[in-house]
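Visitor: Protein chains in written order, with the numbering used here: chain A, 3 to 450; chain D, 25 to 353; chain X, 15 to 310.
Among the hints, erroneous ones may be present.
Unchecked claim - Which residues of chain A face chain D? A few of them, derived with a C-beta cut under 10 Å, are:
| id | residue |
| --- | --- |
| 1 | 64 |
| 2 | 68 |
| 3 | 79 |
| 4 | 95 |
| 5 | 96 |
| 6 | 100 |
| 7 | 117 |
| 8 | 170 |
| 9 | 216 |
| 10 | 220 |
| 11 | 225 |
| 12 | 227 |
| 13 | 228 |
| 14 | 229 |
Note that these hints are calculated values from the structure, not bench results. Being a predicted model, the structure only gives us computed values, none of them experimental. All C-beta atoms in this analysis are idealised placements derived from N, C-alpha and C, irrespective of residue type, glycine included.
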Amino acid sequence: MNWKKTFVVLVIVAMSLFILGCAEKQPAPTPTPESKPAPEATPSPEAKVPEKIVIGGTLSLSGKYANEGQMSLWGIQAALKWLNDVNGGIDIGGKKVKVEFKYYDDEAKKETVQSLYDRLITVDKVDVLLAPYSSGLTLAAAPIADKNGKVYMSHGGASDRIFEQGYTYVVQTLSPASKYQTGALDMVKAIDPTAKRVAFVYEDSEFSKAVFKGAKEYAEQLGFEVVFDKTYPRNPTDLTPLLSEMKAAEPDIILGGGHFADGQLLATQLAELKINAKLVSIIVAPALPKFYDALGVKAEGIVGPGQWEVGVKYSPEAAKAKGIEYFGPTQDEFMQYFKEVAGEDKTPSYHAAEAGAAILAIAKAIENAQSTDSDAIRNAFNNLHMITFFGEFKIDPTTGKQLGHEMVLFQWQGGKKVIIWPPEAATGEPYYPIPTWEEKEQGKMATK
Amino acid sequence: MKKYIQPLLPVLTLYIVLLGAGLSIPGLWQPIAFIMFYVVLGQALNMFLGMTGYVDFGYVAFLGLGAYGMALAFSLFTDDGLGSGIIVVGFLMAVIFSILLSMAVGAIALRLRGAYFAIATIGVSEGFKYLIEGARLWGGSEGIIISSQLRDSFGSEMANYLSTFASDILIFAIGILAAILTVYTLHTRAGYALMALREDEDAAKVMGVNVTKYKVMAFGMSAVFAGLIGASAWTLKLTYVFPEDVFNIIYTVEAIVIVMLGGAGTLAGPVVGGLIYGILRYYLATVLPGFQLLVVAPLLVLIVTVFPDGVVGYIKRKLKGSRFSKYVI
Amino acid sequence: MVFFEQLAGNLLYGIILGAVYGLATMGLSQIFGVLKIVNVGHGAFIMVGAYVAYWMFVLYSVNPILSIPVALVIGLALGLGIFYIVIRRLIGAPELASLLATFGIGIFIEEVAKFFWGPDHRGFSWNIGQVDFGITLIPNTKLLAFFSSVIIALILYMLFQRTRIGAAIRAVVEDREGAMVCGIDVSRIYAMSFGIGIAMTVIGGILLTLFIPVGINPYMGGEYTLKAFVIAVLGGLGSPWGAFIGGFIFGLLENGSYTILGLIPGVEPFSLTRFVAFSALLVILLVKPTGLMGGE
Chain A
3 MNWKKTFVVL VIVAMSLFIL GCAEKQPAPT PTPESKPAPE ATPSPEAKVP
53 EKIVIGGTLS LSGKYANEGQ MSLWGIQAAL KWLNDVNGGI DIGGKKVKVE
103 FKYYDDEAKK ETVQSLYDRL ITVDKVDVLL APYSSGLTLA AAPIADKNGK
153 VYMSHGGASD RIFEQGYTYV VQTLSPASKY QTGALDMVKA IDPTAKRVAF
203 VYEDSEFSKA VFKGAKEYAE QLGFEVVFDK TYPRNPTDLT PLLSEMKAAE
253 PDIILGGGHF ADGQLLATQL AELKINAKLV SIIVAPALPK FYDALGVKAE
303 GIVGPGQWEV GVKYSPEAAK AKGIEYFGPT QDEFMQYFKE VAGEDKTPSY
353 HAAEAGAAIL AIAKAIENAQ STDSDAIRNA FNNLHMITFF GEFKIDPTTG
403 KQLGHEMVLF QWQGGKKVII WPPEAATGEP YYPIPTWEEK EQGKMATK
Chain D
25 MKKYIQPLLP VLTLYIVLLG AGLSIPGLWQ PIAFIMFYVV LGQALNMFLG
75 MTGYVDFGYV AFLGLGAYGM ALAFSLFTDD GLGSGIIVVG FLMAVIFSIL
125 LSMAVGAIAL RLRGAYFAIA TIGVSEGFKY LIEGARLWGG SEGIIISSQL
175 RDSFGSEMAN YLSTFASDIL IFAIGILAAI LTVYTLHTRA GYALMALRED
225 EDAAKVMGVN VTKYKVMAFG MSAVFAGLIG ASAWTLKLTY VFPEDVFNII
275 YTVEAIVIVM LGGAGTLAGP VVGGLIYGIL RYYLATVLPG FQLLVVAPLL
325 VLIVTVFPDG VVGYIKRKLK GSRFSKYVI
Chain X
15 MVFFEQLAGN LLYGIILGAV YGLATMGLSQ IFGVLKIVNV GHGAFIMVGA
65 YVAYWMFVLY SVNPILSIPV ALVIGLALGL GIFYIVIRRL IGAPELASLL
115 ATFGIGIFIE EVAKFFWGPD HRGFSWNIGQ VDFGITLIPN TKLLAFFSSV
165 IIALILYMLF QRTRIGAAIR AVVEDREGAM VCGIDVSRIY AMSFGIGIAM
215 TVIGGILLTL FIPVGINPYM GGEYTLKAFV IAVLGGLGSP WGAFIGGFIF
265 GLLENGSYTI LGLIPGVEPF SLTRFVAFSA LLVILLVKPT GLMGGE
């Protein structure tokens, strides 16, 4: 056993020596995480106009985020179609520069992202990076982006914590996780002041915890009473124990969810146990048409938050009324391009829209910066305030967190998703309280 | 001395080539780090699986605990002014954690044989994950993010340097250390005892070999290396630890694939296996995004059926008796 | 009172879930018992079963119970195909080689499924009412899952105990050389056992959709591979009947412990139930290193 001890000591000594050696070799690092005092991006006129602009990123085309990855890719391709074919490219110094998207498959695995982003930067020489899907992967590749000084646009990293780490070049397109369930609470407060008892039932994972931490704080602010707040582990097979306990708490509204499979399971088992509430809002799962295919009439009246939904009322006219610039395709155009790349039978989910919008925001920022220099683009983002088909874009200059974008709340009504909140984006009235499970079994739809 | 150096030569040469290529060719550093992760993971598992023939399906728990050791060092001691010493503390914690777990698992599971052992270790790894999540230990399912602590203690440039370069160099160092230790073990009493144990545990016992002692030793050694890998390749490099990610059984399976691909119980085996696996995964992800597994999976099956002893095992058999055989063990 | 009502309800669900788990694990034990191969790709075959139920229901409006014969045929064909293409070559090879091969096969099946059917999470609704047990409501589909699982397990038991082929399989499990001497074609028995094992797993996938008809996707199997490993060992690897009983233990532990763990403040009780289930596995192995129904 003696040589084992010697070995452990050796390891520690070797490592400490190595690390100290490195620390000495490196000149004292100058911390520059603060965002620069924004000198207006004025590139010298003789700055070379690039041949083309390449945006690069990894998508999860296989593995646990394969669903979202495929949607993102289609959304990006649709946005690029508009950007290159309709807009002619990005206007730099009077010349239209075409935009390309270079992507690899990260399989939703944390090991692969760093090497693929390194390749995107050094081999493919991309100008701007699109972050991978999910908060974990976004964090994993962030040091690479930061080291190479590339703008790192998050289109699927919702966790608020990404933006609290002091990365300089991170920018977010979508609303952060803490906002996912606040819309439902706002709506209930506005239309039914008597509904006070809220139950939370959600997945025990980083993302859902962030969502419901935000929701809980907000609910208490609004004067709701949180009567149940419990989680279930990933990939549950049977939620009965949790749900029968929740039933006893007699909630008025139920907020829950996590990912696709468990969201479908949650709705199914609420139906089986006949747990009725005035409102059921589930994150992620209901946003996809497959949710309704799977549940049929049981899905009627179920509400879900979305970063975007088909039918949102963000249009050039609405932008004009607000006095904000509109950029990119209209929603109809986006839908048309999406169907061209994805196939006629496909409907974009918000994953497609947020990825497409991220590309548009990058394009607009480059155009405003009139340069592909990262600092210039990052500064341009600070001053960028616009509306796209995805909604408003305005970031917090220090952290890069999205402030302008608003989430919407949709409801399955008669087999269609109808946007019911906020009122200015709504395409229909909320159906409230939602039909009971017994009524739905009789074929009652959530339509008037 | 010669008997140690000769078999090390091919492996060390390969490391130097990889290191050189990574440093000199732009854009190759991270891909090589990616491949090295698999190489070293294979080496670490080989110390136990290759030497004893026991399949530890819960091996990822050691990597996970190593990752937590480093992350906890950052979340607990960032304000204590340790400077770069905090990384040493992190590695120490990683080592201590993995040794403790290996002792606990050893006490329960090493008495079991074959598939029972394999599945008991799954129980340990999965059980641990759900303990962390369920008891809200160490941040529960929200895990620990150390990016901001890294940047606060070292400044952003140094933090980036740590995550994108130093952690990779550490992986190389761990790999070299693992190779040296493997050669050394193979030529000591312990190595012969383990060899006997792998062939026939009961016979070895009858011959008076202290089977338990050597099993526990190999297990602990392998666990420590796993902890070090977790601490550097995950926590330092990726700057966050989520329990769902670090206790994912897929890493165990990948490690087994690598050891098997190359040849269990050989020195060069896991290195070759890791190389093949890493390169395949990386290049297919760039060439066939979305379809790479469709190609990797049948290839795996094919290789396994053609070389059941692994590539190095096959070469070793071919070289038996020739003068090159000294270089391949 | 509410506490005990909930506990009783959860245990009831636990029993049903356990029956499904049990049947979904029997194939794994069967293959291990005869071929000494741990099928790491087990979950992929459960996924295949779930998709069979889904497509039969959606395309031909055939309910999952009636899809069982289809699953049997598909499972046998898949199992025999894989056996003759790959597994046959691995008999007698190091144990690890077969681990890897089945791992590769599992991934391949998942990727093929994704290639053809996409990564979507699918599901269907088969509403045939429910029974009110007073303490809880149980949908008839779940009750059907329970009864079919028990019946199929019984049929298999008869098959193994009362038929020539069953006797031959048992003989090979007991003593391979001896069986060969007695004129049993061992390689045919291997093929049969692998085929039956896979077919059982695919059928397990069908019954699973009776329990949860949603969340069907190419990667759904991974979770069940893990659970099946544990259940198989609980019951004693290699014993399909042990696996069936192991399933009940696992289901009861998962569901039953929730209500009790929920009394502890400041934890996530549902996640802890899984900790309890895995700890129980370790305790059982500590007491009886070959599992509850294991021999020796």
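Visitor: The structure should be examined with respect to each hint, and the outcome stated for every one.
Guide: Results of checking the hints against the structure:
1. 64: holds (6 Å)
2. 68: holds (8 Å)
3. 79: violated (13 Å)
4. 95: violated (29 Å)
5. 96: This hint is violated: residue 96 of chain A lies away from chain D, its Cβ roughly 33 Å from the closest one there, beyond 10 Å.
6. 100: It is violated, given that the least Cβ distance between residue 100 of chain A and chain D is near 21 Å, above 10 Å.
7. 117: At about 4 Å, which falls below the 10 Å cut-off, the nearest Cβ of chain D leaves the hint on residue 117 of chain A intact, so it holds.
8. 170: holds (7 Å)
9. 216: Violated, because the Cβ-Cβ distance from residue 216 of chain A to chain D comes to roughly 13 Å (cut-off 10 Å).
10. 220: violated (18 Å)
11. 225: Violated, about 27 Å.
12. 227: violated (23 Å)
13. 228: violated (18 Å)
14. 229: violated (21 Å)
Hint check: violations occur at hints 3, 4, 5, 6, 9, 10, 11, 12, 13, 14; the rest are consistent with the structure.
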